[in-house]
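A.B. asks: Residues per chain are reported as follows:
There are 2 protein chains.
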Amino acid sequence: MNLPMKATIVEVGPRDGFQSIKEFIPTPLKLQIIEKLIEANFKKIEITSFVSPKAIPQMKDAKEVVAHLLENYSDKKDIFHALVPNLYGAKAAYEAGLREITYVISTSVSHNQANVRRSREESFDELKEIKDIFPEMKVKFAVATVFGCPYEGDIKIEEVKWMIQNGLDIGVDEFCLADTIGVANPLQIERVLSELKADFSDIDFSLHLHDTRGMGLANVLSALQLGITKFESATGGLGGCPFAPGAAGNIASEDLINMLENMGVKTGIDLDKVLSVIPIIKKEIKPVLTSHLAYVDTTCVVKE
Amino acid sequence: MNLPMKATIVEVGPRDGFQSIKEFIPTPLKLQIIEKLIEANFKKIEITSFVSPKAIPQMKDAKEVVAHLLENYSDKKDIFHALVPNLYGAKAAYEAGLREITYVISTSVSHNQANVRRSREESFDELKEIKDIFPEMKVKFAVATVFGCPYEGDIKIEEVKWMIQNGLDIGVDEFCLADTIGVANPLQIERVLSELKADFSDIDFSLHLHDTRGMGLANVLSALQLGITKFESATGGLGGCPFAPGAAGNIASEDLINMLENMGVKTGIDLDKVLSVIPIIKKEIKPVLTSHLAYVDTTCVVKE
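Respectively, the protein sequence lines represent chains A and B. When the first sequence is numbered by our numbering, its final residue is 332 and no position is left out of the sequence of numbers. When the second sequence is numbered by our numbering, its final residue is 332 and no position is left out of the sequence of numbers.
I should point out that these hints are in silico values taken from the structure, not numbers from a laboratory. Do not take every clue at face value.
You can't tell identical chains apart in this list, so a pair holds if it fits in one copy or across any two.
Derived SDA-like pairs: lysine to any residue, alpha-carbon spacing no greater than 20 Å straight-line [unchecked claim]: (1) 156 <-> 141; (2) 71 <-> 186; (3) 104 <-> 63; (4) 34 <-> 216; (5) 119 <-> 63; (6) 64 <-> 138; (7) 50 <-> 82; (8) 294 <-> 218; (9) 72 <-> 294; (10) 119 <-> 232; (11) 64 <-> 199; (12) 294 <-> 216; (13) 258 <-> 215; (14) 159 <-> 95; (15) 72 <-> 161; (16) 71 <-> 296; (17) 294 <-> 219; (18) 310 <-> 219; (19) 294 <-> 122; (20) 72 <-> 313; (21) 82 <-> 308; (22) 301 <-> 202; (23) 184 <-> 292; (24) 50 <-> 100; (25) 294 <-> 215; (26) 184 <-> 290; (27) 50 <-> 315.
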C-alpha cells in the first residue's frame, strides 16, 4: 500500500458540526472548544459560517467568534476561515477580519437551490464578484454533492468537471470535493478522483467526507492511495447539512488522526488534546456522536 | 483497485453480538432475529456459544436455540454453527446436533487465560481431543487477538504463525483471524496478511473485525485488495468480548454489505431484510448500536 508520509487535517467541527446542533451553543462554549482545537495543533479550522441567522440560527454569533479569535490569536490568523454561501456572507467575513473563506456550490442543481437558494450559475457569478471585490481573499471552493445528492441521486462526472473548470476560470485557490451526504464508496472515490486528477493534474484536491454509512475512513484509505493528503473532519464526528436530508456526521477527527498516525502518516496533531474536547461536547452539547474513539474505554486502551 | 467479484459474510450477531448484552434476551426473540437473518440469505450464522452459563448467562439457552433451528431448518443445517471454548462445549454442541464449531484460542497468553482460563497449549490439546473424538465436526479455528491484545499490546507475527501452524497440525478446517479489540489499522492488515499468506499460501483466511476505533470497513478494504473474501460481522454492529476490556462492536453487517455491494462485490444477501432486523433490536434490546446504516434516515436515502 502506497501511503503518503503526512497529511493535513482541516477541522470543520465548529462550522459543519455546530450547525447540526439545534439548540444554540453559547459563544463562550464554542470558543472554549475552538481554543482547545488550536492547542491540539490543527493548522486549519473552519470556525463558523456567515449565513442568514434565519436559515441557521446556530451561526448568528459568527462575528463575535471571529473577533475573539483574531484578537486572541493574532499570530495565528491563517488558521481561521469561515464558510460563506454568497457575496453577502463574503463581505461579512471580510469585514470581520477573515482573509480566507470556504465558498460552497453544489454540483447538484436541486441541492444548490435547497442549500443556497440560487442556481449554480448565480452562485458562480457571486463567486466571481467576491474575487473581484476582495482579490486578497483566499477562496477554498467546496464542490458539494460530488458523489451523490439527496434529491438527484447519482452525479455525472461531467457535471463535477464543469464545476471545477468554472472554479479554475474564476481563480479559486483550493478545491475541496465534498461527499455531502456520505454515500461515496472507496471504489467510487478511486474512480472519480483518478479521472479528476487526470483532467486537472495541477489541482491538489482535498476531501470533505461524511461518515453517514460508515465508509468514511475506508474512503480516506482509498484517497490516500491516490495521493490525496488533505481531509476535512470534525471532532466528535459532529455534522450534517441542514438542507441535505439524511446527511449525518463528518468523519471524526480523532478517528481519522488515530488511523493515519497508526499507519505512520503524520498529521502533526495532538490526539490526546483532541480527545480532551470530547467530554466537553458530551456534557455541554449532548449530541449523538458518530465518533468511535469518543466511546472507546480509554482506561483499557492497548498498552504501547 | 483490485477487488474480488464476491464475498462471503458470516453473521456472528447472535453469538458475539448477543453475548455483549447484559440483560437476558428471551429465546423466542433470539430465534425471531436469527430467522430473519436466515431469510436475508446469510449462508453462515454463528447462532450461539456453548460456554459456562456462569461465565456468560446470556448463552444459557444454547441448546434450545440449536434445537429449534435444526428442527425448523432441517434443509439448511450447514448454515448453523456455534462457538465453543473447550472440549466440554464441543461435546454439548455435538449433542445438540451441530456439526460445525468455532473454537477460539487467543494468540495472547494472558487473553487466552482471561477468556478461557487455560494456557494456549491446553487449548490446543483440547482442540486435538475434539478432532479425535468428533472427526466429522468441522472446526473453524478463531485465532483471537492477532492484531493487538488488551493486556499485552502488540502481538508478534511469529506468535500468530505458531498459532496457525498448530491449527494446521491438528487439522482444523478453517482459519479466522480476529481483531478482538478493534485496534488493527489497514496498513497492519496488509502487512500481517501479506506475511501470513506468503507462509501459508493454501489457507483461505477469513477476518473477524471489530469497529472499536472506526477502522473496520477500511480494514475490510485493505483485506479485499489482498484477496480476502470472507468476513464476519454482526447485524447492528453488536458485539464485544466479555473478557477483553475496551472491546466494542463488530463491524455492522449492514454497513459491510452496503459497502461491498456498492463496490460491485456481490454478497448474495438481501440488505433490506438485514435492515428489517434493526427496529427489532432497537425496540427489544435497546443497545448502543455502532452501525451506521442503523441510523441513516431511510426515508431520504439517495434515489437510485
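A.B. asks: Treating 20 Å as the Cα threshold, decide for residue 184 and residue 290: within, between, both or neither.
C.D. replies: between (35 Å within a copy, 16 Å between copies)
A.B. asks: Taking 20 Å as the upper bound on the Cα-Cα distance, should residue 50 and residue 100 be classified as within, between, both, or neither?
C.D. replies: neither (28 Å within a copy, 49 Å between copies)
A.B. asks: Under a CA distance limit of 20 Å, which applies to residue 50 and residue 315: within one copy, between copies, both, or neither?
C.D. replies: within (10 Å within a copy, 25 Å between copies)
A.B. asks: When no copy is named, should residue 104 and residue 63 be tagged within, between, both, or neither for a Cα gap of at most 20 Å?
C.D. replies: Result: close within a single copy only, 12 Å intra versus 59 Å inter.
A.B. asks: Can you tell me if residue 64 and residue 199 fall within 20 Å by alpha carbon in one copy, between copies, both or neither?
C.D. replies: neither (34 Å within a copy, 55 Å between copies)
A.B. asks: Given identical chains, is residue 294 near residue 218, meaning Cα to Cα at most 20 Å, within a copy, between copies, both, or neither?
C.D. replies: Cα proximity of residue 294 and residue 218: across copies only (19 Å, versus 22 Å in one copy).
A.B. asks: How do residue 301 and residue 202 come out at 20 Å by Cα distance, when the copy is not named: within, between, both, or neither?
C.D. replies: neither (28 Å within a copy, 43 Å between copies)
A.B. asks: Is it within a copy, between copies, both, or neither that the alpha carbon of residue 71 lies no farther than 20 Å from that of residue 296?
C.D. replies: Within. Shortest intra-copy distance 9 Å satisfies the 20 Å Cα cut-off; inter-copy 45 Å does not.
A.B. asks: Since the copies are identical, ignore which copy is meant and state whether residue 156 and residue 141 lie within 20 Å (CA to CA) inside a copy, between copies, both or neither.
C.D. replies: Result: close within a single copy only, 19 Å intra versus 67 Å inter.
A.B. asks: Is it within a copy, between copies, both, or neither that the alpha carbon of residue 64 lies no farther than 20 Å from that of residue 138?
C.D. replies: Close neither inside one copy (37 Å) nor across copies (38 Å); limit 20 Å.
A.B. asks: How would you label the pair residue 294, residue 122 (within, between, both, or neither) given a Cα cut-off of 20 Å?
C.D. replies: neither (33 Å within a copy, 51 Å between copies)
A.B. asks: How do residue 258 and residue 215 come out at 20 Å by Cα distance, when the copy is not named: within, between, both, or neither?
C.D. replies: Both ways: residue 258 and residue 215 sit 19 Å apart in one copy and 19 Å across, limit 20 Å.
Going down the numbered hints, you'll see the structure goes against 2, 5, 6, 10, 11, 14, 15, 18, 19, 20, 21, 22 and 24, while the others check out.
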